[in-house]
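Chemist: Given next are the chains, with one letter for each unit.
Protein chains: 2
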Amino acid sequence: MSEPTADFPLQQWCSGDPQGHRTKFAIPPHEKFVLATTDRVILDFHKFEDLQDGSTLHLLQREDQALTAATEEHINFTPHYDTLIKGGLYEYYASEGQNPLAYALAELIDNSLSATAKNPGARTVEIRMVFDGGKPTVIVLDNGCGMTFTQLKNWAVYRLSKFSRDKVIVGGKLEGYTRPDPVRRSLNSDISYFGVGGKQAVFFIGNSTRMITKPVGSPDVHELILSKEGFESREKDKRDIYSTVIKNRKPGDYSHVKGDDERCLRALIGEEFGKKSFTAVVITGVSPEHVAFLKRDFDVWTRQLANLYHYYIHGVNGKDTSSCSAKVDHLPKIDIQIILREKPPKSPSVLNLREIDDDRQTLFLNATVDTFEFHAATEKDGGTVEGVIRYHPFLYDRETYPEDPDAPPALDDDASDWENESAAWQQARARKHIFDCFWNGRLIPYTKLQEFDWCAASKGPKELAECYGRISGVLFSDDRFEVSTNKLTFMDLEVKLKQNSTIFTRIVNSQKQRGKILKDFTEWLKKCHEKWDKQVKFVGFKETIERKEL
Amino acid sequence: MSEPTADFPLQQWCSGDPQGHRTKFAIPPHEKFVLATTDRVILDFHKFEDLQDGSTLHLLQREDQALTAATEEHINFTPHYDTLIKGGLYEYYASEGQNPLAYALAELIDNSLSATAKNPGARTVEIRMVFDGGKPTVIVLDNGCGMTFTQLKNWAVYRLSKFSRDKVIVGGKLEGYTRPDPVRRSLNSDISYFGVGGKQAVFFIGNSTRMITKPVGSPDVHELILSKEGFESREKDKRDIYSTVIKNRKPGDYSHVKGDDERCLRALIGEEFGKKSFTAVVITGVSPEHVAFLKRDFDVWTRQLANLYHYYIHGVNGKDTSSCSAKVDHLPKIDIQIILREKPPKSPSVLNLREIDDDRQTLFLNATVDTFEFHAATEKDGGTVEGVIRYHPFLYDRETYPEDPDAPPALDDDASDWENESAAWQQARARKHIFDCFWNGRLIPYTKLQEFDWCAASKGPKELAECYGRISGVLFSDDRFEVSTNKLTFMDLEVKLKQNSTIFTRIVNSQKQRGKILKDFTEWLKKCHEKWDKQVKFVGFKETIERKEL
Ligand SMILES: Nc1ncnc2c1ncn2[C@@H]1O[C@H](COP(=O)(O)OP(=O)(O)OP(=O)(O)O)[C@@H](O)[C@H]1O
Ligand SMILES: Nc1ncnc2c1ncn2[C@@H]1O[C@H](COP(=O)(O)OP(=O)(O)OP(=O)(O)O)[C@@H](O)[C@H]1O
Ligand SMILES: [Mg+2]
Ligand SMILES: [Mg+2]
Numbered sequence: 067m068s069e070p071t072a073d074f075p076l077q078q079w080c081s082g083d084p085q086g087h088r089t090k091f092a093i094p095p096h097e098k099f100v101l102a103t104t105d106r107v108i109l110d111f112h113k114f115e116d117l118q119d120g121s122t123l124h125l126l127q128r129e130d131q132a133l134t135a136a137t138e139e140h141i142n143f144t145p146h147y148d149t150l151i152k153g154g155l156y157e158y159y160a161s162e163g164q165n166p167l168a169y170a171l172a173e174l175i176d177n178s179l180s181a182t183a184k185n186p187g188a189r190t191v192e193i194r195m196v197f198d199g200g201k202p203t204v205i206v207l208d209n210g211c212g213m214t215f216t217q218l219k220n221w222a223v224y225r226l227s228k229f230s231r232d233k234v235i236v237g238g239k240l241e242g243y244t245r246p247d248p249v250r251r252s253l254n255s256d257i258s259y260f261g262v263g264g265k266q267a268v269f270f271i272g273n274s275t276r277m278i279t280k281p282v283g284s285p286d287v288h289e290l291i292l293s294k295e296g297f298e299s300r301e302k303d304k305r306d307i308y309s310t311v312i313k314n315r316k317p318g319d320y321s322h323v324k325g326d327d328e329r330c331l332r333a334l335i336g337e338e339f340g341k342k343s344f345t346a347v348v349i350t351g352v353s354p355e356h357v358a359f360l361k362r363d364f365d366v367w368t369r370q371l372a373n374l375y376h377y378y379i380h381g382v383n384g385k386d387t388s389s390c391s392a393k394v395d396h397l398p399k400i401d402i403q404i405i406l407r408e409k410p411p412k413s414p415s416v417l418n419l420r421e422i423d424d425d426r427q428t429l430f431l432n433a434t435v436d437t438f439e440f441h442a443a444t445e446k447d448g449g450t451v452e453g454v455i456r457y458h459p460f461l462y463d464r465e466t467y468p469e470d471p472d473a474p475p476a477l478d479d480d481a482s483d484w485e486n487e488s489a490a491w492q493q494a495r496a497r498k499h500i501f502d503c504f505w506n507g508r509l510i511p512y513t514k515l516q517e518f519d520w521c522a523a524s525k526g527p528k529e530l531a532e533c534y535g536r537i538s539g540v541l542f543s544d545d546r547f548e549v550s551t552n553k554l555t556f557m558d559l560e561v562k563l564k565q566n567s568t569i570f571t572r573i574v575n576s577q578k579q580r581g582k583i584l585k586d587f588t589e590w591l592k593k594c595h596e597k598w599d600k601q602v603k604f605v606g607f608k609e610t611i612e613r614k615e616l
Numbered sequence: 067m068s069e070p071t072a073d074f075p076l077q078q079w080c081s082g083d084p085q086g087h088r089t090k091f092a093i094p095p096h097e098k099f100v101l102a103t104t105d106r107v108i109l110d111f112h113k114f115e116d117l118q119d120g121s122t123l124h125l126l127q128r129e130d131q132a133l134t135a136a137t138e139e140h141i142n143f144t145p146h147y148d149t150l151i152k153g154g155l156y157e158y159y160a161s162e163g164q165n166p167l168a169y170a171l172a173e174l175i176d177n178s179l180s181a182t183a184k185n186p187g188a189r190t191v192e193i194r195m196v197f198d199g200g201k202p203t204v205i206v207l208d209n210g211c212g213m214t215f216t217q218l219k220n221w222a223v224y225r226l227s228k229f230s231r232d233k234v235i236v237g238g239k240l241e242g243y244t245r246p247d248p249v250r251r252s253l254n255s256d257i258s259y260f261g262v263g264g265k266q267a268v269f270f271i272g273n274s275t276r277m278i279t280k281p282v283g284s285p286d287v288h289e290l291i292l293s294k295e296g297f298e299s300r301e302k303d304k305r306d307i308y309s310t311v312i313k314n315r316k317p318g319d320y321s322h323v324k325g326d327d328e329r330c331l332r333a334l335i336g337e338e339f340g341k342k343s344f345t346a347v348v349i350t351g352v353s354p355e356h357v358a359f360l361k362r363d364f365d366v367w368t369r370q371l372a373n374l375y376h377y378y379i380h381g382v383n384g385k386d387t388s389s390c391s392a393k394v395d396h397l398p399k400i401d402i403q404i405i406l407r408e409k410p411p412k413s414p415s416v417l418n419l420r421e422i423d424d425d426r427q428t429l430f431l432n433a434t435v436d437t438f439e440f441h442a443a444t445e446k447d448g449g450t451v452e453g454v455i456r457y458h459p460f461l462y463d464r465e466t467y468p469e470d471p472d473a474p475p476a477l478d479d480d481a482s483d484w485e486n487e488s489a490a491w492q493q494a495r496a497r498k499h500i501f502d503c504f505w506n507g508r509l510i511p512y513t514k515l516q517e518f519d520w521c522a523a524s525k526g527p528k529e530l531a532e533c534y535g536r537i538s539g540v541l542f543s544d545d546r547f548e549v550s551t552n553k554l555t556f557m558d559l560e561v562k563l564k565q566n567s568t569i570f571t572r573i574v575n576s577q578k579q580r581g582k583i584l585k586d587f588t589e590w591l592k593k594c595h596e597k598w599d600k601q602v603k604f605v606g607f608k609e610t611i612e613r614k615e616l
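Protein chains in written order, with this note's numbering: chain U, 67 to 616; chain E, 67 to 616.
One thing to keep in mind: the hints can contain errors.
Since the list can't tell identical chains apart, any single copy or any two copies may satisfy a pair.
Unchecked claim - Below are the BS3-like pairs computed for lysine-lysine, each with C-alpha atoms no more than 30 Å apart in a straight line:
| # | residue 1 | residue 2 |
| --- | --- | --- |
| 1 | K304 | K98 |
| 2 | K399 | K514 |
| 3 | K294 | K446 |
| 4 | K313 | K98 |
No lab work stands behind these hints, which were simulated from the structure alone.
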């Protein structure tokens, strides 16, 4: 045999009598040979059937014979579907002890804000939790632009971001991404980045999602189901796991929805008539733990969401509880409405996030008597950040610095002397992390920024030392500063802003000021102290009198 | 026209004269009609070409006509390749300011530890950094079991974990996962879980990886390249992006390696002769920033790795710098060797992680005078944790509590009074987080556990208050406690251990003690204080003398 090694695809073989091999390759009858897969599994008649089509086989003289010539074999390595269905599980693992469900819901609100950005009229997002006895269902519904068939297909593609879609031909034309023009506080509604948010969120919340959407200008509604069960059954049937169908139908047609526990789905489809465009994300398979949390801690997660979207809801200056006109800018109003339906006789909870007045931003804004605005520009990447520092004065007998309503609960809850001491210091430390940070207008909840040099107590006059503990702040960046895929943390905002080359400028009435920011800030702080801090001082001490009669 | 809507695959159409449509469907010449895609793009002759095969078309009377019957269209939504190539980028984003490269390398060392777990003899992992002028290359090489062709293919499948592989038929037999038997400190070398670690790591470190592996009992070497470029070119050529080839060749055959900058690859292949089995991960496209960090901060990342694998390297009791026999158990030795080659005349740096004696674990073990061992069992899930608390005494004029060598550098580096005060308190707070946490024997670096009730100062006698600041600890869990996919954080270790139902038991000489752990611990602490703390006290104060002559 001149060529002891050969590789050829299995299809070329007719199965049957293994003796057939001998003739096919014209091997002299006295020469021994074996047939092996590239895993060096020696083939016998029975193993033939287990082989997949296209397997490469080696014809060898001995089982352990070296290959004279290298061979190449095709493989396919499509990601396992756990990529999608377990994505969120790990993305939203929280600082231990805190439930991250609000942050998963936020991904869907993000998408709705993007989708409604160009609405001519009101922008509404409704989160409807139906826990009234049927399948627990979470619905996120918006009156945004909706998705065409192709966009809905693209929604399902994990990691297909707007930047990659750039290169993709959609419905015959190149679908491109254009960065929105800069707007104040970066409230640009462009809160999409990675192409993962929606998928991670829905599989964190439940295990099956029906996307229902009607794009502007089309009479058709498109429906797509992505579910754990679907993946599993396609795998079992050896079908392509990333293949499914989109249903195209007319609005209001729920003929395909069976089963009594789908009442809320039928109702939802019934509402489609007359809507120009919309998207509904319908999540089922919600775990009992999630349902319990969403019911029991309604106040907690709605307050977290109100904080996350504070400036989208209330406008660039935030909620102003003192004045009547909450909106100073004249953009379309954004309503984020929460409805939680439980079993009767419990009546549904209905809440517009705008009504919430104990979220962190509102509390801090309410306790603000003066502000210092600035602008930061990083040199290399052209990143810009708007910043506001707020003064919370000392009034008579106490600090007015608000407590953080979202502070994680301590794991050991009985307090001791030592713990209390530490808690006080934790507060003090927390005040070094004075800045809440927003990305394209949306809070990135786990990143708090430390003070900058020019607003640090160490750089200021000693007599103002305690005033440095009375400031809080907010930073607004656009997406030139990156966040992690779960949008819980900035990647390097602090590092970039603290480079020496970063230029800070004070802003007064939207005008950049020329002066040195350290000096400007210190003067501002001094003025705040003089004007706002009202300390009761006992002056002119004479003597201590013991009043025996009391 | 009785059926105004029809859908059918494009292939059924012969392109050409659009008038042909009319005849094909026998539409009377006076009736108007349009052909539209499911995106409601009206087809004209030119758009035909842009359509992909298999597109569904609707035959409609008007552009905006509603569908009478719902239609279904097949879609494919295979994840975008950014899933792999950008996976690590976000997984390893670090607490700002710290470089997470060591933790990416750790994923490859994890894999090598798993692969060498059943080695009859020595277990060696070599990290070879070749920065000597050619393409910067990072190689992780081990003498473990290697991978068969099919296992190598499975390596490339994102999110295919050992648990999912369970269900997969490999080379004709069901490849199953069996949980290893419990061993002390959970040093079971079973440090695989998600099926993502290797892929995230290699694409974090570089942009092209060549896996070279020879499985035990096979004469063949298998080679697989996964690269950003490969993905991009397959996408461009509209080929299946998750499809490539594995090369099967004999050991030492580097005929396929061209180019002068691949010298280190040829050298590596040249070393294959005579090796029973091995795996080499060869990473190129390493960014200049990474190369700079790996060179400049050699001490930092090697120390981090020495800490991560401390108990694998030094055995269950850790490094004992006082005694000569570092290993008390008689398992095969694990060598993790680092070689950094730079341009001559610089000579290569060679370091065995075992030699490092300033990693956190070594420092703490060296400063330990007494230990308190315990065992924690959570009720519901049968999770068990081994724990050790160590006492670091006060000696004469100072605390011996070591400083953390891996503490993140402060971003503002000039210290002020306020900062110093705060730093002291940070230390104090840090001591509340007394436990380093290990998962299957490997450190999970970002999780530090707070004290338990029974070892908290608040629960102990006042006179021992300061002794509670002299303890550090380690916890060893197995994978019944989950970690995040990047293995940087535990998901819920603290929450689970702090449930009321968790049972803590003191261990003395490997025997469980019956007593109450709070009492046992307090007594142990008292004894430590009496026996080990050497405080110089000035007793019998008489008067203060001012020595004017000095
Ligand atoms: N409610 C919606 N209305 C219209 N289009 C939507 C909606 N939700 C999602 N999409 C489309 O689906 C795409 C994918 O959404 P997904 O949240 O998974 O990723 P992304 O928003 O692109 O990026 P990120 O990972 O930052 O969330 C979006 O970019 C958008 O085009
Ligand atoms: N050095 C190696 N030697 C032998 N097999 C290996 C090696 N590296 C990886 N493998 C195989 O490839 C698989 C995939 O590795 P990868 O690190 O990507 O994921 P994993 O280890 O399974 O899970 P994790 O996400 O926890 O790392 C491993 O489970 C193992 O079977
Ligand atoms: Mg999104
Ligand atoms: Mg791994």
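Chemist: How would you classify K313 and K98 at a CA-CA limit of 30 Å: within, between, both, or neither?
Modeler: Only across copies: K313 and K98 sit 26 Å apart there, 58 Å inside one copy, limit 30 Å.
Chemist: With identical chains treated as interchangeable, where does the CA-CA distance between K304 and K98 reach 30 Å or less: within a copy, between copies, both, or neither?
Modeler: Answer is neither: 37 Å inside a copy and 44 Å across each miss the 30 Å cutoff.
Chemist: I want to check one pair: K399 and K514. Are their C-alpha atoms no more than 30 Å apart within a copy, between two copies, both, or neither?
Modeler: Classified as within; 28 Å inside a copy, 44 Å across copies.
Chemist: Up to 30 Å between alpha-carbons, please classify K294 paired with K446: within, between, both or neither.
Modeler: Cα proximity of K294 and K446: across copies only (26 Å, versus 44 Å in one copy).
The structure does not agree with numbered hint 1 stated previously, though it agrees with all others.
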